[in-house]
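Chains A and B supply the protein sequences, listed in that same order.
Each number in our numbering comes from the position in the first sequence (counting from 1) with 299 added on.
Each number in our numbering comes from the position in the second sequence (counting from 1) with 1 added on.
Don't read these hints as lab results, they were simulated from the structure.
Warning: the hint list may mix true and false statements.
Claimed, not checked - The following label-pair restraints were derived from C-beta to C-beta distances: (1) A:Val412 - B:Lys252: 54 to 62 Å; (2) B:Gly184 - A:Thr337: 48 to 56 Å; (3) A:Val412 - B:Lys68: 52 to 60 Å.
Quick reminder that beta carbons are idealized off the backbone N, C-alpha and C, glycines included.
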Amino acid sequence: MKHIISALVENKPGVLAHVAGMFAARAFNIDSLVVGRTEDPKLSRMTIVVVGDDRVVEQVRKQLAKIVPVVKVQDFAGEPVVARDLMLITISAPPDKRPEILSLIEMFRGRVVDIGTKQLMVEVSGPESKIEAFIDVCRPYGIKNVARTGTIAMPRQGPSEAKS
Amino acid sequence: MFSRRFFGRVRPESIEYLTGAQIVVRTLLGLGVDTIFGYTGSALLPLFDEINSENWRYIMAKKSDEKKAGAEIIVDTLIEQGVETMFGYPGGVVLPLFDRLYDAPIEFIIPRHEQGGCHMADAYARASGKVGVVVATSGPGACNLTTGLATALMDSVPVVALTGQVRTELIGNDAFQEADTTGITRPVTKYNCIVKDIKDLARTIREAFYIASTSRPGPVLVDIPVDVQVARYESDGQVKMNLPGYRIRTKGHARQISAAAAAINKSEKPVLYVGGGIIIANASEELRALAQKAHLPVTMTLLGLGSFDQNRPESLDMLGMHGSAYANYAVQECDLLIAVGARFDDRVTGKVKGFAPNAKIVHIDIDPTSISKNVNVDIPVVGDAKYILTELVKEVEHRERAPWFKKIAEWKKKFPFSYDKNASVVKPQYVIEELCRQTKGEAIVTTGVGQNQMWAAQFFRFSRPRQFISSGGLGTMGYGLPAAIGAQVARPDATVIDIDGDHSFNMTMTELSTAVENKLPIKVCILNNGYMGMVRQWQELFYNKRYSKTYLANPDYAKVAEALGAVGITVEKAADVPGAIKKMLGQKRPCVVDFRVEREENVWPMVAAGKSLNEMDGLDIMESMA
Chain A
300 MKHIISALVE NKPGVLAHVA GMFAARAFNI DSLVVGRTED PKLSRMTIVV
350 VGDDRVVEQV RKQLAKIVPV VKVQDFAGEP VVARDLMLIT ISAPPDKRPE
400 ILSLIEMFRG RVVDIGTKQL MVEVSGPESK IEAFIDVCRP YGIKNVARTG
450 TIAMPRQGPS EAKS
Chain B
2 MFSRRFFGRV RPESIEYLTG AQIVVRTLLG LGVDTIFGYT GSALLPLFDE
52 INSENWRYIM AKKSDEKKAG AEIIVDTLIE QGVETMFGYP GGVVLPLFDR
102 LYDAPIEFII PRHEQGGCHM ADAYARASGK VGVVVATSGP GACNLTTGLA
152 TALMDSVPVV ALTGQVRTEL IGNDAFQEAD TTGITRPVTK YNCIVKDIKD
202 LARTIREAFY IASTSRPGPV LVDIPVDVQV ARYESDGQVK MNLPGYRIRT
252 KGHARQISAA AAAINKSEKP VLYVGGGIII ANASEELRAL AQKAHLPVTM
302 TLLGLGSFDQ NRPESLDMLG MHGSAYANYA VQECDLLIAV GARFDDRVTG
352 KVKGFAPNAK IVHIDIDPTS ISKNVNVDIP VVGDAKYILT ELVKEVEHRE
402 RAPWFKKIAE WKKKFPFSYD KNASVVKPQY VIEELCRQTK GEAIVTTGVG
452 QNQMWAAQFF RFSRPRQFIS SGGLGTMGYG LPAAIGAQVA RPDATVIDID
502 GDHSFNMTMT ELSTAVENKL PIKVCILNNG YMGMVRQWQE LFYNKRYSKT
552 YLANPDYAKV AEALGAVGIT VEKAADVPGA IKKMLGQKRP CVVDFRVERE
602 ENVWPMVAAG KSLNEMDGLD IMESMA
């Protein structure tokens, strides 16, 4: 099962190496790992997607928490969260196919961020499943390049809010 | 430049007698000087005295007294942390630090190799309960520490390693003796960091000692570039530590403790399985109280030896691959296993699936990652063993459990550790029994790794914590000799014996010079079978006696010892063992005894890899010799 783990870490050199090294040394698999600053310049947030059974993920969580510069660890499994992935994708788009492609982009609420004579660069964000679906629908036109951020996530405030 | 002579009294034109210092100060005042930049020292004391009386004190204080060089901050912080002894090897980029150590009130032991220094600091910590400190230079010096750091990490030993690093502006340029020390040592330390700004220096060293010695202890490395050691910074007194991600859970959850107590009170066939955590937490007294009050048999891991008096009737001695048959049978048959400060290592559990198949498992440990890592735990309690056992003792009831103890007594009677006592050739087990007898079981024992280590664990009877010092988790051959040195430095009045194997001893025997130089009366007993004994045993049992590369030509160890300034003794007959040990124990100098033991003796019993604890080999051999 896929788990999204969020770790608040001290923003100092070596922390990423520490976390990455722990995953490698203990043979845990990382699906994606995203690091970014938070509102507090002293802290960064790492969002790590891990695949494994509950026992493995429990070890991952505990081993992460054990790393000295890791301040807080949360496993979002079973919790209502907003999870997002951002993708830049370049699609081969000859003029005669463009209307079709543009309507697809519309459906996925993507944005065209660069236009060339033969291709389009599109920005799409959303849950991982939506990103994967967009890649699938673009495949017939020819995908030139894909760059993805990996998942970032945050728990929802309350049950009253809408589902993503 | 002022020499001391300058400060003698001279007779100036006026009637008033002035000291040289007064003349200097008055002349300066006369010239309108109001600020002096400088730094005090013993040869300048008369001058500074005069400057102070002229009310220039604040100027002097601000310009010199409060600023300290990085190296001075390091040494002052070490002293503040209570460091009395350290180990280490000098080199280019630690010269400023070593200059400060020249007249610092810290005992300094120089090993012959940084690995030895790290093991010494490690054993010093294990023998004393204090933090061991080791210093090394950049590049090769730091690299040589890694085996020692990994050893300390696996066995949860508080060690602080300080390493020099090339100048900050050279880092990453492949400078001479540069290595990515924090990168190399990250997986073998509890925490490490590089200090690139002198204002972080004192705080970082304080944090290093705190992290190394608290919660589950371990080695911490601080890498300090040489320019940070010479930079100057205002003394920062007691800057607070800043470790937002480091939390220690001492008190166990009260409900979990009660659940554990209830399980103990209900159990018909309980076993306490305890490890090094008891010794680290100084919880031996609490363990004894629990075992006595609730009436529980106690088995120990290799590192747990000494946590519970093996002479007590509740002791089942060591469990695991080469543990006692009675401990292994008891674990396999128990209905409740109470693990305290132990981590279900594969050498303890054998085949995990078949481990303690009928037991409910209570696990008390300060490290949450140890819980349910290898074996699923029914009642986890996270916290400090001393605290939790104290609480647990209050809640447990005394129960006789006569049938269970009767069964254990039968196993003990049927399968004691044994060997052929009638042999004329020296049996390694006999050497250890004799060492235990002549030292009344009081000696501190260090070991190499392999057969020597297992026999030491099986045949010496330990009664006190910090008495048995051995590389358990990492299994570092060569640990025994430097460990004996570190332990002897920590406990100068104790008898310290390294029970070693010939090939373990070969790895670090250069440290004998360190023992001789520092007049440390350590004893080294080499159980010399001419093989890498344990590897040979596996080749005999599992590789059809093909002794591939497990034999090396050894030197005459007695002669080596004599050449290095130690006492050397060779023993070839069983009858000579007691006399040689007596002679060894009487030595004031380091002493090496080369016991030429039975060459193909095996360690029994043995749980082969992949077998359950009750599937022991060698019981028939033991029975035939008992």
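Now for the hints, and whether the structure bears them out:
1. In this structure the hint that Val412 of chain A and Lys252 of chain B lie 54 to 62 Å apart at CB holds, the actual value being about 55 Å.
2. Here the CB-CB span from Gly184 of chain B to Thr337 of chain A is close to 26 Å, at odds with the stated 48 to 56 Å.
3. As the Cβ distance of Val412 of chain A to Lys68 of chain B is approximately 55 Å, the hint placing it in 52 to 60 Å holds.
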